[in-house]
Amino acid sequence: MLKGKNIVLRPLQDSDLDFLEKTENNKENWQFGSEQKKYTKQELADYIAKGKTDIKVAKQYRFVIDLKGAPIGFIDLFDYTKKSAGVGVIVAENYRNKGFAKEALMLLIHYAFSYIKLKQLHCKITKANAASIHLFIACKFIFQREQADLKYFIILAKNEKFKL
98 MLKGKNIVLR
108 PLQDSDLDFL
118 EKTENNKENW
128 QFGSEQKKYT
138 KQELADYIAK
148 GKTDIKVAKQ
158 YRFVIDLKGA
168 PIGFIDLFDY
178 TKKSAGVGVI
188 VAENYRNKGF
198 AKEALMLLIH
208 YAFSYIKLKQ
218 LHCKITKANA
228 ASIHLFIACK
238 FIFQREQADL
248 KYFIILAKNE
258 KFKL
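Numbering (the working numbering), first residue to last: 98 to 261.
Quick caveat, the hints were computed from the structure, so don't treat them as lab data. Model, not experiment: these values are computed from the prediction. For every residue, glycine included, the Cβ atom is placed at its ideal position computed from N, Cα and C. Wrong hints could be hidden among the right ones.
Taking CB as the label site, the calculated pair distances span [stated by the list, open to error]: (1) 140 - 241: 19 to 25 Å; (2) 99 - 221: 19 to 25 Å; (3) 176 - 235: 31 to 37 Å; (4) 153 - 244: 25 to 31 Å; (5) 253 - 138: 20 to 26 Å.
DSSO-like, lysine-lysine: derived pairs with alpha carbons at most 30 Å apart [unchecked claim]: (6) 100 - 149; (7) 135 - 102; (8) 165 - 179; (9) 119 - 216; (10) 153 - 138; (11) 180 - 156; (12) 224 - 135; (13) 138 - 156; (14) 221 - 134; (15) 156 - 221; (16) 119 - 195; (17) 149 - 224; (18) 180 - 216.
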């Protein structure tokens, strides 16, 4: 569990199933992610069960963004290698633009560089997703390249503390 000023990043729990289903199966969210399919409750329950696997084995890890005991979003590390991982974040609509995604991303950056010793984090964001582009730039990600309708950003580990 990673504790911030307002939120906690914690592992997925069985009790998160309904929130996970609502988030993953919301077609409006599909424009922001790589998957565009509806999941069954059983598929998501299996995903939660597998989510307890170490990142070094599963090559991915999903944290729940928890506010006062309630899930408000997810932040993921994926495509994990010894040196790098991709990052994705989504926050429920009624919690957006309140600083929770930024706090979650800063906690994740600190965890990735300080504890699992990654050297680089990266993300790809659709050009239309201005809020996400702004978030990652605010968290010290640097524009790397553009391809089709995507923008690619990276952040490299440095010997600096990330302040929330």
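Checked hints:
1. Distance hint check for residue 140 and residue 241: the Cβ-Cβ separation is about 33 Å, which falls outside the suggested range of 19 to 25 Å.
2. Look at residue 99 against residue 221: about 24 Å separates their beta carbons, and that is inside 19 to 25 Å.
3. The hinted range of 31 to 37 Å is not satisfied by residue 176 and residue 235, whose Cβ atoms lie roughly 23 Å apart.
4. Between residue 153 and residue 244, the C-beta spacing of about 29 Å keeps the proposed range 25 to 31 Å intact.
5. About 40 Å separates the C-beta atoms of residue 253 and residue 138, a value inconsistent with the hinted range of 20 to 26 Å.
6. With a CA separation close to 19 Å, the supplied pair residue 100 and residue 149 stays within the 30 Å bound.
7. Of the pairs offered as hints, the one joining residue 135 and residue 102 is violated, with about 34 Å between alpha carbons and a cut-off of 30 Å exceeded.
8. About 33 Å separates the Cα atoms of residue 165 and residue 179, which puts this hinted pair outside 30 Å; it is violated.
9. Among the hinted pairs, residue 119 with residue 216 is inconsistent with the structure: their alpha-carbon atoms are about 34 Å apart, more than 30 Å.
10. Distance hint between residue 153 and residue 138 is fulfilled; the C-alpha atoms sit about 26 Å from each other, no more than 30 Å.
11. About 12 Å separates the Cα atoms of residue 180 and residue 156, which keeps this hinted pair within 30 Å; it holds.
12. Between the alpha carbons of residue 224 and residue 135 the distance comes to roughly 24 Å, so the proposed pair stays at or under 30 Å and holds.
13. A distance of roughly 23 Å separates the Cα atoms of residue 138 and residue 156; the hinted pair therefore holds under the 30 Å criterion.
14. Between residue 221 and residue 134 the alpha-carbon distance is near 19 Å, which keeps this suggested pair within the 30 Å criterion.
15. Between residue 156 and residue 221, the direct Cα distance comes to roughly 18 Å. Compliance with the 30 Å bound is thereby established for this hinted pair.
16. Taking the CA atoms of residue 119 and residue 195, the gap is near 21 Å; set against the 30 Å cutoff, the hint holds.
17. Between residue 149 and residue 224 the CA atoms are separated by roughly 33 Å; this puts the pair beyond 30 Å, and the hint is violated.
18. Note on residue 180 and residue 216: the hinted pairing holds, with a Cα-Cα distance of about 5 Å set against a maximum of 30 Å.
Against the hints set out earlier in the document, violations occur for numbers 1, 3, 5, 7, 8, 9, 17.
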